[in-house]
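Colleague: Residue numbers (my numbering), protein chains in the order written: chain F, 1 to 320; chain W, 1 to 320.
If you are wondering where the hints come from, they were derived from the structure by calculation, not from laboratory data.
Check the hints yourself; a few may be wrong.
Derived pair list, reagent style EDC-like, types lysine to aspartate or glutamate, alpha-carbon separation capped at 16 Å [to be verified]: (1) F/96 to W/218; (2) W/94 to F/97; (3) F/94 to W/97; (4) W/96 to F/97.
Among chain F residues calculated to face chain W with C-beta under 7 Å, some are [stated by the list, open to error]: (5) 40; (6) 64; (7) 94; (8) 128; (9) 129.
C-beta atoms are modelled at their ideal positions from N, C-alpha and C, and glycine is treated no differently.
Number of protein chains: 2
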Amino acid sequence: MGLDLIILGAASATPTSNQYTTAQLLKMREHYFLIDCGEGTQKQLRRAKTKFSRINHIFISHLHGDHFFGLVGLLSTFHLLGRTAPLTIYGPPKLKEIVLTQFRAAGTFTSYSMHFVVTQHKVPQVLVETDAYTISSFPLKHRIATTGFLFKEKALKRTLNKPAADAYGIPVCDYHWIKEGKNWISDEGKEIPNGALTLDPPQPLSYAFASDTMYTQDTAGYVEGVDVLYHESTFCEDKKARAKQTMHSTAVQAATVAKEARAKHLLIGHYSARYTDKTRFEEEAKAVFSKVYAARELYQYSIKQSGIKVKSLAPKKDEK
Amino acid sequence: MGLDLIILGAASATPTSNQYTTAQLLKMREHYFLIDCGEGTQKQLRRAKTKFSRINHIFISHLHGDHFFGLVGLLSTFHLLGRTAPLTIYGPPKLKEIVLTQFRAAGTFTSYSMHFVVTQHKVPQVLVETDAYTISSFPLKHRIATTGFLFKEKALKRTLNKPAADAYGIPVCDYHWIKEGKNWISDEGKEIPNGALTLDPPQPLSYAFASDTMYTQDTAGYVEGVDVLYHESTFCEDKKARAKQTMHSTAVQAATVAKEARAKHLLIGHYSARYTDKTRFEEEAKAVFSKVYAARELYQYSIKQSGIKVKSLAPKKDEK
Numbered sequence: 001m002g003l004d005l006i007i008l009g010a011a012s013a014t015p016t017s018n019q020y021t022t023a024q025l026l027k028m029r030e031h032y033f034l035i036d037c038g039e040g041t042q043k044q045l046r047r048a049k050t051k052f053s054r055i056n057h058i059f060i061s062h063l064h065g066d067h068f069f070g071l072v073g074l075l076s077t078f079h080l081l082g083r084t085a086p087l088t089i090y091g092p093p094k095l096k097e098i099v100l101t102q103f104r105a106a107g108t109f110t111s112y113s114m115h116f117v118v119t120q121h122k123v124p125q126v127l128v129e130t131d132a133y134t135i136s137s138f139p140l141k142h143r144i145a146t147t148g149f150l151f152k153e154k155a156l157k158r159t160l161n162k163p164a165a166d167a168y169g170i171p172v173c174d175y176h177w178i179k180e181g182k183n184w185i186s187d188e189g190k191e192i193p194n195g196a197l198t199l200d201p202p203q204p205l206s207y208a209f210a211s212d213t214m215y216t217q218d219t220a221g222y223v224e225g226v227d228v229l230y231h232e233s234t235f236c237e238d239k240k241a242r243a244k245q246t247m248h249s250t251a252v253q254a255a256t257v258a259k260e261a262r263a264k265h266l267l268i269g270h271y272s273a274r275y276t277d278k279t280r281f282e283e284e285a286k287a288v289f290s291k292v293y294a295a296r297e298l299y300q301y302s303i304k305q306s307g308i309k310v311k312s313l314a315p316k317k318d319e320k
Numbered sequence: 001m002g003l004d005l006i007i008l009g010a011a012s013a014t015p016t017s018n019q020y021t022t023a024q025l026l027k028m029r030e031h032y033f034l035i036d037c038g039e040g041t042q043k044q045l046r047r048a049k050t051k052f053s054r055i056n057h058i059f060i061s062h063l064h065g066d067h068f069f070g071l072v073g074l075l076s077t078f079h080l081l082g083r084t085a086p087l088t089i090y091g092p093p094k095l096k097e098i099v100l101t102q103f104r105a106a107g108t109f110t111s112y113s114m115h116f117v118v119t120q121h122k123v124p125q126v127l128v129e130t131d132a133y134t135i136s137s138f139p140l141k142h143r144i145a146t147t148g149f150l151f152k153e154k155a156l157k158r159t160l161n162k163p164a165a166d167a168y169g170i171p172v173c174d175y176h177w178i179k180e181g182k183n184w185i186s187d188e189g190k191e192i193p194n195g196a197l198t199l200d201p202p203q204p205l206s207y208a209f210a211s212d213t214m215y216t217q218d219t220a221g222y223v224e225g226v227d228v229l230y231h232e233s234t235f236c237e238d239k240k241a242r243a244k245q246t247m248h249s250t251a252v253q254a255a256t257v258a259k260e261a262r263a264k265h266l267l268i269g270h271y272s273a274r275y276t277d278k279t280r281f282e283e284e285a286k287a288v289f290s291k292v293y294a295a296r297e298l299y300q301y302s303i304k305q306s307g308i309k310v311k312s313l314a315p316k317k318d319e320k
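Isolated chain F, as found in the complex:
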């Protein structure tokens, strides 16, 4: 259980020889969600040994190239791999036209159906809800229409406490009702409360993605109490004026949002290429909010109630 987040790209603006632009893969309740898709995302997904067929939902925050120029290439590869499962793409209104124009020019129709869900950038919006999770978008404040995304697990049912059930001599055929939350009544009429027969399910977890955006007090309200907040931090404090001018954030501003939102952890990224040392972002953010991670490409962040474990997924023999 828990969420696994893989950072595929954490650079802003433009890929460099060893950095990729924004893309993340979130694994939640056995589902794979791709968040943004900068140029080269499909290459990074391969390097992280991701099964492409597991991705059924793609979320695009906004139409600046560093957040979606890898999308049509990935969709094209899905087609070449013979995918048949439908794919849902959530993003701004123009995204559908951009994608379809390119497929039409190639004289190609995809082997699978694509569904486009248009995001609203002025109000929060539930995009998809199942028994297991809810995914919504929320407004961000950037130069063009931009949304963040909030991924929330739903609470699972309580699980049977087998030793307790055995101790009360409960027959297997009654387990079903107990898992549904019912108390149990013995043949003698004695009622055993459900809480004595079941265990608490793991607490549901949540992840919020906020990029690109300038600092705004509204963000904290949208992501209140989130387990992990990814908030862009394009600049350090030395470029605070530049951050405002370009409608981006500094590491301190990202940390301020995390603090205001009472997030459990903060992950920062979308670094400007002018900073070679990413620890500077981390240090500046820590002055405001202690539980900070500076996102690193091809690292997996395994999120549980107990905390975050970080490990590298980079192939040992890397690309030539």
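Go by the hints and put chain W onto chain F.
Modeller: Chain W in isolation, oriented as in the chain F frame:
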């Protein structure tokens, strides 16, 4: 002098974790020409330490994604780098719309002007001609409108044979006329023929790019006598039927075109990912045409009249 060709990507269909799709950089007479622009081309250009500002002409053969999905990202990076020099892009009719739709969606206008020159896929066409070179397109036979490109140096003027000029006591002020091809007449009225005072200029070189295409006898006619022909060879002989069906070529067919065209050298590429060993393509082609090179990514092919020199440009400490 000579041509330098850098192979940025030589894979077909889709990038893999260690291969890039089609893109090449040709350096001819101090000019940089980018030929096709698969996803990740800008990353490869950086790894080859190319000055982006030197690229003023981009040629796109056709609108299958593996030949142009890196274009809009590169154009966007040019903008972010503050480019002001105009850029000319040669390609199929729909290319302009595809590019501009994406810039419009980002609310961005480029810092430089883009000129789109539409290629015709049914007849050969001179695209650009200067004192130094001629670049034309020629029809290829593929599933959608596709052209090859032919880059031809023009002959340079003859150069002064300084020792010969000195021996005849020719004053410096007359050098100009001699370089223009005139004979020289001494004060005594003796005429020295130009050939005795000048040296042959280096023979002009030429490069042809033919991808994607199935085998057709027409290709040889378009590239007759070319110094280096790059011809796609997606498959080996075992997949000859598949090559025909998908309108691609085998290594043997590429070699046949080189032979029919009396090309001096053949470069093959656009390999299907099913073949891990590229030497197989080379071996099969050599049975038909001896001077074959299997294109390798991030290798530079320095082309002179005397032959081709090959060297790796891959950074020593490669990307993480």
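Colleague: Now, for every hint given, state plainly whether the structure supports it.
Modeller: Comparing the hints with the structure gives:
no.	hint	verdict
1	F/96 to W/218	violated (39 Å)
2	W/94 to F/97	holds (14 Å)
3	F/94 to W/97	holds (14 Å)
4	W/96 to F/97	holds (14 Å)
5	40	holds (5 Å)
6	64	holds (5 Å)
7	94	holds (4 Å)
8	128	violated (23 Å)
9	129	violated (28 Å)
Hint compliance for this structure: hints 1, 8, 9 are broken, all remaining hints hold.
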